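Undergrad: Just so you know, the sequences run in chain order A and B. With this note's numbering, letter number 36 in the first sequence gets 87, and the count goes up by one each step, no holes. With this note's numbering, letter number 126 in the second sequence gets 177, and the count goes up by one each step, no holes.
It cannot be assumed that every hint is accurate.
[What the hints assert, rightly or not] Below 25 Å or equal to it, Euclidean Cα-Cα: the simulated SDA-like pairs (lysine to any residue) are:
| hint | chain 1 | residue 1 | chain 2 | residue 2 |
| --- | --- | --- | --- | --- |
| 1 | B | K193 | A | S313 |
| 2 | A | K329 | B | S103 |
| 3 | A | K238 | A | E214 |
| 4 | A | K328 | B | G296 |
| 5 | A | K126 | A | E436 |
| 6 | A | K403 | A | G213 |
| 7 | A | K328 | B | P191 |
| 8 | A | K210 | B | S103 |
| 9 | B | K216 | A | L489 |
| 10 | A | K118 | B | T320 |
| 11 | A | K328 | B | S103 |
| 12 | A | K127 | A | I158 |
| 13 | A | K476 | A | D453 |
| 14 | B | K123 | A | E512 |
| 15 | A | K328 | B | K192 |
| 16 | A | K179 | B | G300 |
| 17 | A | K141 | A | G163 |
| 18 | A | K210 | A | E512 |
| 19 | B | K109 | A | E436 |
| 20 | B | K109 | A | G465 |
| 21 | B | K193 | B | I178 |
Because the hints were derived from the structure by calculation, they are not lab data. If you're wondering where the values come from, they're calculated on a predicted model, not measured in any experiment.
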Amino acid sequence: MKLKFRVIVSLLLAVMILGLFAGCNKDSKTDGNDEESQKPAKSSQKAPTEKETEKKPEMVTVFVDSKDAEDGNSKKLREDFTARTGIEIKLNVLPGVGQEAYKKLDIVLLSGDETDIVFLNQPVIQHKYASTGLLMGLNQLFKDKKYDAEKIYGKFLKKYDGEIFYLPNGATVWAVFYNKKIFDEAKVPYPEGEWTWAEYIETAKKVTDHEKGIYGSNMFNWDYYLYMIARQKNVTGYKADGTSNFDAPEYKESLKFYKELSSVHKVQPSWLDYSSKKYAWNEFVNGKMAMQYFGTWFVNILNDTETYPRDFDYGIVQPPANPGAKNNVGVSGAYGINKNTENPDAAFEYLKFVVENWYKYFGSPPARVDLPDDEMDKVIKTIAEKSGGSITVEDYKKAVIDNDLGFVDEKIVGEAAAQYSSVIKQEGERYLVGEIGLDEAVKNIKNKVDEAIKTEREQSEE
Amino acid sequence: MSRMLSDLKISLKHQEAITGYIFMIPFVLVFLVFQFIPIFMSFILSFMNFNSLNAVEKLRFIGLANFIRVFKDTTAIDSYLRSFQFSLIFVTGMLFSSLFMAILLNRKFYFRRTIRTMIYLPYVSNIIAISMVWRIILEPKKGPVNTILSIFGSENLPLWLNSTKLSLPTVSIINIWVIMAFQTIIFLSSLQNVPNELYESSKIDGTGLFGRIFYVTLPMISPTIFLVIVVSIIISFKNYAIVLGLTNGGGPGTSSRVIALNIYEEAFTFNKYSYASAQAVLLFIVILIVTIIQWKGQKKWVHY
Chain A
52 MKLKFRVIVS LLLAVMILGL FAGCNKDSKT DGNDEESQKP AKSSQKAPTE
102 KETEKKPEMV TVFVDSKDAE DGNSKKLRED FTARTGIEIK LNVLPGVGQE
152 AYKKLDIVLL SGDETDIVFL NQPVIQHKYA STGLLMGLNQ LFKDKKYDAE
202 KIYGKFLKKY DGEIFYLPNG ATVWAVFYNK KIFDEAKVPY PEGEWTWAEY
252 IETAKKVTDH EKGIYGSNMF NWDYYLYMIA RQKNVTGYKA DGTSNFDAPE
302 YKESLKFYKE LSSVHKVQPS WLDYSSKKYA WNEFVNGKMA MQYFGTWFVN
352 ILNDTETYPR DFDYGIVQPP ANPGAKNNVG VSGAYGINKN TENPDAAFEY
402 LKFVVENWYK YFGSPPARVD LPDDEMDKVI KTIAEKSGGS ITVEDYKKAV
452 IDNDLGFVDE KIVGEAAAQY SSVIKQEGER YLVGEIGLDE AVKNIKNKVD
502 EAIKTEREQS EE
Chain B
52 MSRMLSDLKI SLKHQEAITG YIFMIPFVLV FLVFQFIPIF MSFILSFMNF
102 NSLNAVEKLR FIGLANFIRV FKDTTAIDSY LRSFQFSLIF VTGMLFSSLF
152 MAILLNRKFY FRRTIRTMIY LPYVSNIIAI SMVWRIILEP KKGPVNTILS
202 IFGSENLPLW LNSTKLSLPT VSIINIWVIM AFQTIIFLSS LQNVPNELYE
252 SSKIDGTGLF GRIFYVTLPM ISPTIFLVIV VSIIISFKNY AIVLGLTNGG
302 GPGTSSRVIA LNIYEEAFTF NKYSYASAQA VLLFIVILIV TIIQWKGQKK
352 WVHY
């Protein structure tokens, strides 16, 4: 009887366990939205004919974050790719946007996911994935396909010991966007051409009107703003021995500059205002900020008046630069191929299409050196048209392309880069809310980053 | 099911046992797959070198290196201490406020049933929605709380969630408000089980209100108090979502970066999975020790 009892219990347990795991099984390597789901599933009830089986369309799978999955420009790009190549796209949608999505992506890639295409939105992410072997080395593939990446991307191409792991999709630079309505009401001329940060502050003071709740300047609580003066001078984040260079005077100057915009010049909301979510990162759209220092990708938001309605025209001008630091800053987004891809040919086609044509859909300056001048003019013309008369082709070109500013990467990229960014924000915040002084903040950042770098080295040797 | 088991000529005793096992299976399976196995894996991981994305191809055991590093890491140690501070405020506040609330709700008054339902609302509300509302309420410049304080002449208005000194206690108190309903209901059911005869005889003996609370109510509900303390301590160390929602991830600076948040950052922002696991194992040990001390100490004051 006891044996019978045990057998029955064991059988029941086995059935339940099998049932549970059968439920977990899926016959797909992606779990996200299917772009093709927009089309009706015509023959889901019918077994495919022999001819249909033979003609199964090529498919490329692509990681996107939740914003990109819904973005109109991205959708158009994907539709055009399928129309041109016949290769269908299946999306693997990562929850969240930006940094949050990459936390999920880390885990997904580590688990051996085979989704073909990986989007790398900024240099710290690019460095992380390329240097840890999660991306496919592209040299051999390019050789097989006779694809001359050097010729197309030139100075924008990054290599790791001679190997290419990703291709840049654009070279976003920074610009100052201004609210023409606020400038007109304050009877202040629009900013134009070369200018310094001191002139930026003076202009901001003239258009600031606290009674009306108008600030002259808007720079949100992103870590970049805390070291932008140093990066514009192209001061590196690391010393020659690999330790933090945050004790360089330019970094101290940067922190001080950001704080004084609100505490001394009163032209910008304080860090406290930003961190308490009183003002949004895109507060400029709400018409209470006269100037916004941002990446040129912001033009897409300003031109999308359905999602972001505004009651003013905007202008665009090149960013201020101090003497001896005549650089614009920016980042290149990039795309790479997952090292686990089982579909390198289709992945290559998508990679090529998306990075070569990105600028046509998003209006960012392309990271290409092979384009004729009139090609970019066509893109800028579209941007100007979409702006509803706010900006002209000339305005955009002067602000973004035809000026005498050089270009430097905005991010601090290297060992323990994620910790570096995190520490700058933590200690910078303590300084900005008045808990610690400037010298202490700089010292803390330097020491904590050095410690993080040391730990990183020790851990990589273990 | 029982008919099927009867047909198989299995004794009643065994039929009951089988039915019991069947009822347990869903929980056991979910527990094994989603809790026990991850916890076990995390324990194993804490002894390995999985501290970067590329380490997955050369994983190996490194002994106690991750644990030793935790004790040298001031950020981690500070986070543990902050968790203790959070826990102290949370458990003390929770105990008194939920007991007080339960005593009030145990009395007869108009709309008692409605109010009992209402106090449960924060507990079932979305934590992010709660965070957003409290951030508005405690907004330093024009938030309602500071506006009222300024009307009454307060000059140095507190920065609440934006203060390096106040952010942690503020989060802790908000968390009490969120979770209090659960503990209140446990206390309420316990209070309702205290025999009325004990109160009547203490009244005859001339005991006042406070006397009845200290000499009748508290000893009678001491097992519940013990349960609430144990549960509250465990909840207080697992305080990830509320801190993240209210403080932009442990700010200002690192002033509210508790250990649960630190573990998350180490694992998912810095990809130091083994190091984060070591911190999690240490947190588990800390909670275990605190709970064992409580179990040992309860004999002196808990009356079963």
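Undergrad: All the hints need checking, so say for each whether the structure fits it.
TA: These are the hints, each one checked on the structure:
Pair hint B/K193 plus A/S313 holds up; C-alpha atoms about 17 Å apart against a cutoff of 25 Å. Under the criterion of a C-alpha separation no larger than 25 Å, the hint pairing A/K329 with B/S103 is inconsistent with the structure, at around 37 Å. Of the supplied pair hints, the one linking A/K238 and A/E214 is violated, its CA atoms being roughly 55 Å apart against a limit of 25 Å. Taken as a hint, the A/K328 and B/G296 pair is honoured in the structure, with Cα atoms around 12 Å apart against an allowance of 25 Å.
For the given pair, A/K126 sits about 21 Å from A/E436 by alpha-carbon distance, which is consistent with the 25 Å threshold. Annotation: proposed proximity of A/K403 to A/G213 holds, straight-line Cα distance about 20 Å (limit 25 Å). For the suggested pair A/K328 and B/P191, the alpha carbons sit about 11 Å apart, so the restraint of at most 25 Å is met. For the hint linking A/K210 to B/S103, the alpha-carbon distance of about 21 Å falls within 25 Å, and the restraint holds.
A threshold of 25 Å between alpha carbons decides the hint, and for B/K216 with A/L489 the separation of about 19 Å falls inside it, so the pair holds. The straight-line distance between the Cα atoms of A/K118 and B/T320 is roughly 20 Å, inside the 25 Å bound, and the hint therefore holds. At most 25 Å may separate the alpha-carbon atoms for a hinted pair to count; A/K328 and B/S103 exceed this at roughly 33 Å. Pair hint A/K127 plus A/I158 does not hold up; C-alpha atoms about 29 Å apart against a cutoff of 25 Å.
Proximity of A/K476 to A/D453 is assessed by CA-CA distance (about 33 Å); at most 25 Å being required, the pair is judged violated. Restraint check for B/K123 and A/E512: the C-alpha separation of about 18 Å stays at or below 25 Å, so the hint holds. At roughly 12 Å between alpha-carbon atoms, A/K328 and B/K192 fall within 25 Å of each other, so this suggested pair holds. Under the criterion of a C-alpha separation no larger than 25 Å, the hint pairing A/K179 with B/G300 is consistent with the structure, at around 22 Å.
At most 25 Å may separate the alpha-carbon atoms for a hinted pair to count; A/K141 and A/G163 meet this at roughly 18 Å. Taking the CA atoms of A/K210 and A/E512, the gap is about 24 Å. The hint holds against a cut of 25 Å. Restraint check for B/K109 and A/E436: the C-alpha separation of about 54 Å exceeds 25 Å, so the hint is violated. Restraint check for B/K109 and A/G465: the C-alpha separation of about 22 Å stays at or below 25 Å, so the hint holds.
Distance hint between B/K193 and B/I178 is fulfilled; the C-alpha atoms sit about 23 Å from each other, no more than 25 Å.
Consistency with the previously given hints fails for numbers 2, 3, 11, 12, 13 and 19, ordered from lowest to highest.
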